[in-house]
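Q: Chain by chain, the residues run as shown.
There are 2 protein chains.
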Amino acid sequence: MGKFVYAFEEGTKEMKSILGGKGANLAEMMKIGLPVPPGFTLTTEGCKAYYDNEKKMTEEMLVQLEENLQALQMKTNKVLGDKHNPLLVSVRSGAVISMPGMMDTVLNLGLNDETAEGLSQLTNELFAYESYKRFIQMFSDVVLGIEKYKFDQISARYREKTVDHFKAAIDAFKDLVRKEKHMEFPQDVHVQLQMAIEAVYDSWHNHRAIIYRKINEISDDLGTAVNVQSMVFGNFSEKSGTGVAFTRNPSTGEKKLYGEYLLNAQGEDVVAGIRTPESIDMLSQQLPEVYEEFYKVCELLEQHYQDMQDIEFTIEEGQLYLLQTRNGKRTAKAAIQVAVDLVHENVIDKETALMRIDPEQMDQLLHPTFSAEALSKGNILSKGLPASPGAASGKICFDAEKVVALAKNNEPAILVRTETSPEDIEGMIHAQGILTARGGMTSHAAVVARGMGKCCIAGCPEVQVESYLNQVIIGKAILKEGDFISLDGNTGDIYEGHIHAGDVQLFDAFEELMTWANEIKELGIRTNADNERDAKVAVSFGAEGIGLCRTEHMFFDKNRILNVRRLILSDQLKERQAALNDLLPEQKSDFISLFKVLESRPVTIRLLDPPLHEFLPHDIEEIKGLAEITHKTIEQVNQAIENAKEVNPMLGHRGCRLAITYPEIYEMQVKAIFEAACEVKRFGIDVHPEVMIPLVGFKSELKVLKDNLTQVAEEVLNRYQMDIHYKFGTMIEVPRAALTADEIAEEAEFFSFGTNDLTQMTLGFSRDDSGKFIQVYKDKKLFEKDPFASIDQNGVGKLMEMAKTLGRKTRPDLKIGICGEHGGEPKSIAFCQSIGLDYVSCSPYRVPIARIAAAQAVILQKS
Amino acid sequence: MGKFVYAFEEGTKEMKSILGGKGANLAEMMKIGLPVPPGFTLTTEGCKAYYDNEKKMTEEMLVQLEENLQALQMKTNKVLGDKHNPLLVSVRSGAVISMPGMMDTVLNLGLNDETAEGLSQLTNELFAYESYKRFIQMFSDVVLGIEKYKFDQISARYREKTVDHFKAAIDAFKDLVRKEKHMEFPQDVHVQLQMAIEAVYDSWHNHRAIIYRKINEISDDLGTAVNVQSMVFGNFSEKSGTGVAFTRNPSTGEKKLYGEYLLNAQGEDVVAGIRTPESIDMLSQQLPEVYEEFYKVCELLEQHYQDMQDIEFTIEEGQLYLLQTRNGKRTAKAAIQVAVDLVHENVIDKETALMRIDPEQMDQLLHPTFSAEALSKGNILSKGLPASPGAASGKICFDAEKVVALAKNNEPAILVRTETSPEDIEGMIHAQGILTARGGMTSHAAVVARGMGKCCIAGCPEVQVESYLNQVIIGKAILKEGDFISLDGNTGDIYEGHIHAGDVQLFDAFEELMTWANEIKELGIRTNADNERDAKVAVSFGAEGIGLCRTEHMFFDKNRILNVRRLILSDQLKERQAALNDLLPEQKSDFISLFKVLESRPVTIRLLDPPLHEFLPHDIEEIKGLAEITHKTIEQVNQAIENAKEVNPMLGHRGCRLAITYPEIYEMQVKAIFEAACEVKRFGIDVHPEVMIPLVGFKSELKVLKDNLTQVAEEVLNRYQMDIHYKFGTMIEVPRAALTADEIAEEAEFFSFGTNDLTQMTLGFSRDDSGKFIQVYKDKKLFEKDPFASIDQNGVGKLMEMAKTLGRKTRPDLKIGICGEHGGEPKSIAFCQSIGLDYVSCSPYRVPIARIAAAQAVILQKS
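For the record, the sequence lines run as chains P and Y. Taking the numbering used here, the leading residue of the first sequence gets 1, the next gets one more, and so forth. Taking the numbering used here, the leading residue of the second sequence gets 1, the next gets one more, and so forth.
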């Protein structure tokens, strides 16, 4: 025997999961003595029972419904269907997680030919028959499924607000029902009620609700509750009305009532937009006593719920009624402002304030965005993966050169490519945004763009770059190079033409919240940065060190790439050494500038990682030039490029494997690191380099490299006669490294999880290719979250935990961090906290997000 | 205080690890009363102490050496350096694992000007001075490092065997030593002894010994022992002699003394090859009593050692002395014959016989081989990975068409390619052997060739195919298409020209041994086969089922590939369905023929695994043809091919991911399997299909596919009104599958480890690309064995064990096997036994090897 129906008096705000948000809050408001029209809630469990019972309410539910209806009639002194004193009710959905407007509502239920006449005698004819007309239309639409516009067509014929017109419209409505459904409009009010409840339950699985849940990652299993509540009428008189208000400004967080209302109107009139509502301030003039009461209710509700509220109310003949309250949705800026203000008002504590922030939402604050108005006018061409947040607008460019050319004239550019490669770096730097046809959330374009804090949409299958025709097909449009497009990196939407993006503005409450995060969080927050600019941004956002400096980006610099290519092409150690000698001073100056920005913070430098062929040229001009300089034939250069090709470069000759075969590359890098460190230390800066060797799978690899590189480091320190505190460690990114972490920790002084590669290998998903199927996986719900966006805790996470446990068994003080893209994702950060890592490292623009998420993780862990 | 020197009387054959093989066996022969000249052994631990002490014997060792020398003098009644009764000794190396001819020996030590004169008085002048001359030459060569040919040049001047000539040669030798080394030839016999011992220790690290150990995978840490033994002289008279004999024929195993000897000669005369030795049979005529004694000694030693012996002996004045015995090296055929015969002779039991066989060596028996004579005359061009055993000789062909054309004329072909792809299948079938420039032990060429039992050499970086010039560079040679080359798949050697290969001949002892293996082994042995021919071979070798039928090979058939391409190119379900409908009857007939061969044995069929683009055409003619048939433009076909390309196909859209996006492919395959099963069952054959879904990483993948495919299967069974016992299971080849095996076992009725992919992903080594660095890894000893050849037990093995434990936790009767290439490798088989798998599956020609290895694994586990 389950309990499927609760009177409002029986509920509390804690019962959301069975009463839904609306039901629980109506009950709560009633509990604290606020004026709520009485009613009852059919539970979400009832919804499940309904679906399990082949979409029929069970006998049990029907019995409980009848009992509660009886009780409601007692409370209101009215009787459903009584022609002298009819009870009218609203029937509304109420999901556990708010899905505004997605499901159905029926108002004025309980009216039929008899009760309408009864109501007209109790009140007035005009009101009664208008209400009856509204009810028939709403019921027919929501419950019977007759399209609304057909009623509107009829209404148009009876435009005057007279009783005769209403009655004529009612007859015409009934005819329409008869014609469409071959039935009489139901006159039995109990049948009306049962049908309406079932229709609301049905609406849980209507198309737009399903879509909404998918987008918002809400489980289909939750079900909705149904609230049956006695009606109050905002359309009763000019002293009646209905409205919606926020207790604070939901855009800015300012502490000031914010909302609107209409006198002599029902809820749907506000929505319909025929009349323009008044600002809530006006109510203090129009109905000052009601305003006063409402103002107090707002204060009370905020205190009670300890958060900004979004309140629906109705005024019937000067009497205020509350129909709903809930925590108000708000922008990121408002979220922070409200949370910080509430702490200052002693309503909540700092921890609660931190928990109120959705870290992901903060991305809005840290990047330019399009205004909602601008977007509403925009024409969406297609949608890709929102790979890096922000908003960008510019001219389409198909290659980096074009971007650079535009940048010289201060013209905005969007780099549009099938996929990007390290050669495109310069174009990415100068572009406003990046759009690619292929690749997922951790593709090259996505990773680099996030690092730069630059808007990027990746993996959009509807983009087809046809650069040989100087055009790109996006969705159904064919655009030429030079045409404007705009990218919304927060949603993945691609817009036609130019849209203006707003600037980033930080503010005091943000800074204050960040200091609170630091007081609470335990994880260190480092950043992934490989140049002075990014490092400065990250430090300004509070980065405590560099967790990943990718040295390969330094190799792609236009002035250096030639030496890199010389290095790769020469098959003799001496020639390679010469090329490396030319690279050394440049690498050194990179490290010097980084060390200066980071000062005494640790700087983890990953030695060269990608396969060498990524550095080789592809176009014939470059190949020619390279052949000249290296005194080789074009055929020889082509042959070398051919030889360097790999079937699966991700699993190929890269990372420490390069250094096993060509030790001189890492030797040069380590020399550059330590010479830079010594030279910066002369300025009195206590540098802390941490040398990180990538792609280790065997302890033996790390040992042979570390032994050699330690010698190189010591040689430099001896030469400079300096003492520098340094560490050698490794990425844990090959599954075998995690499995044998006890062995590897014998050599490694720190671990850093490279969760991009670890995910690729553990799942066997190439980040570049998984775009072809990952969306299908999400649609079919084969996994909950994109494992490249949030750590796959059951699989990859299991390996991480093993590695941590094994590593610390060998070396209890082993420092362990994460530098994969997951290091900036809140759920992953919570996971890192839960398994006891020392720090996370993320792209500069995610540092604040990581700080909040890390603080939340501690709070959650305590609770 | 260590004991570094043992008198022969103190040792036993069990003490090999410290006395070396030779020392332990000399001690053992002395213990059982055989005539062994007395002596003592400096241990392998002495060798380590010597190297640890900067290549000097320690004080302790010198003291023990002196004590043992004193004792030896007592036993022989001779004194080292005594001019009247001089003790002469040999100083020989003796490693733990035999390294024939790799290290150094000094004979006749103890001679100097005085003792030579003393010896001449005791025996005769000619003998004494010839011995002295031999000693100076040998000592100068081995200990002083003066090249031997310089002595030979001097000897040539004094060719007559007279005392004067010997003395003149001795003087000239001493002059040479003076000139080369600026020293007198050492006259102090104790100095001679110490120098000789140290020289033997030094020889452990000479170049050829290091190479030998690397090739034979012998640890550098073992060190060698040194045996000091009183001399007996085979060159003393015509009643003296020296020889070597096997107790059975080492090529065939026949039970008959086999060996040769020379009268009036020392050991090096046999080696020098100036005189032709006599067959051992002749000794029964020349010295019948000695022969008789030797014959008995041979029988005794065989009984004692319970194995065929390889014996060195010397006869001094009619007295037989034994200088060495050891288990004789033998061919695979002889190994089996001897082991089986010894069981019949009640010398050993069946388990011991099985343990005597090196399963890897059996490959020789199961494939054609080149004779040693033929090889000795061959010219080696280069060396690659011995990817599939056997021997092959034929004309170079650069593509499959050419191979097929030659095959039609019965001309032998060798397919030579940079790498092979499934398109080359037909060429591989008709070629005698396959040579590729790229790819490792599990590359496409290697895997397919092994499956076919066909000789293959893969990943030879010195091979550069320039098919556009109609030539290939192999090492330093440039060869044209049509030129002959020969491949030794057992060694990886590539020979110029044509070499004849011998045929395979099995024999009774082989069959008998195999039945013993089956009595003992616990693992089931299945085979990887996807066609009737391979399946028949495997069943004839004793396969108990098919562990892996790769259905993609069936898709590459010339007549079907077009339908496969239609399937891939169409973007509409209906078109795909039509293409699949055309493929169905062909797939079905494949399965029918397999089921008929396998009868009631289980047949595990893996549904389509490779990425679809592998099936698309590459050359323009094929593309044109395809465009015509599919009514598309060439551009459209090219675009489709371009779209299908993947950056890392190994981690891309393949395996079950194909079926998640295109369910109809697996549906067709399952329909074909079950229709075939029903039709074969009508013949009264009780078929057992096991449907295997590849590349599963998430339980959800398996569930959604299994649910769908079970319906398809049941639909077929209903239609045929038949009941067939079938299973659905999965490959465990993605690390995540192993990590979440408890979840996956909820859906899977069996697991099969795909250790090729599991190794690739766990180690992050692409099998196609790792050739670039894996050899360097082996050379630098970063891992012990190629992880694609033998399971990486610490890494991949750990995952396998986890998967087994987790899987059986959920489903205690879960059947678990392995179908990766490792399934046929003895060490990996032992590992599979140790973790409790149910079966291994390997290529048909490795089934006998797997049977032996599986039996050995059980025996080892018991011990």
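Just to be clear, a hint being listed does not mean it is correct.
No copy labels: a pair is met if it fits in one copy or bridges any two.
[Said to hold, decoys possible] No farther apart than 27 Å at their CA atoms in a straight line, the calculated lysine-lysine pairs in the DSSO-like style are these:
| hint | residue 1 | residue 2 |
| --- | --- | --- |
| 1 | K645 | K476 |
| 2 | K148 | K329 |
| 3 | K75 | K862 |
| 4 | K785 | K167 |
| 5 | K256 | K55 |
| 6 | K558 | K48 |
| 7 | K798 | K809 |
| 8 | K3 | K78 |
| 9 | K703 | K798 |
Please keep in mind that the hints were generated in silico from the structure rather than gathered at the bench. Given the structure is predicted, the values throughout are model-derived calculations rather than measurements.
Q: Look at each hint and say if it fits the structure.
A: Structure-based check of all given hints:
1. When the C-alpha separation of K645 and K476 is checked against a cutoff of 27 Å, the pair qualifies only between copies, where the shortest distance is 23 Å, while the shortest distance within a copy is 35 Å.
2. Taking the shortest alpha-carbon separations for K148 and K329, neither the intra-copy value of 29 Å nor the inter-copy value of 95 Å comes in at or below 27 Å.
3. With identical chains, the CA atoms of K75 and K862 are never at most 27 Å apart, being 45 Å at best within one copy and 83 Å at best between copies.
4. Taking the shortest Cα distances, K785 and K167 never come within 27 Å of each other, neither inside one copy (55 Å) nor across copies (92 Å).
5. For the homomeric pair K256 and K55, neither the shortest alpha-carbon distance inside one copy (45 Å) nor that between copies (90 Å) is at most 27 Å.
6. Within a single copy, K558 and K48 get their C-alpha atoms no closer than 63 Å, and across copies no closer than 55 Å, so neither meets the 27 Å cut-off.
7. Taking the shortest Cα distances, K798 and K809 sit within 27 Å of each other both inside one copy (16 Å) and across copies (17 Å).
8. In the homo-oligomer, the alpha carbons of K3 and K78 lie at most 27 Å apart inside one protomer (25 Å), although the nearest pairing across protomers, at 110 Å, exceeds that limit.
9. Both within a single protomer and between protomers do K703 and K798 lie at most 27 Å apart by alpha-carbon distance, with minima of 26 Å and 22 Å respectively.
In summary, the structure is inconsistent with hints 2, 3, 4, 5 and 6 from the numbered list given earlier, while agreeing with the others.
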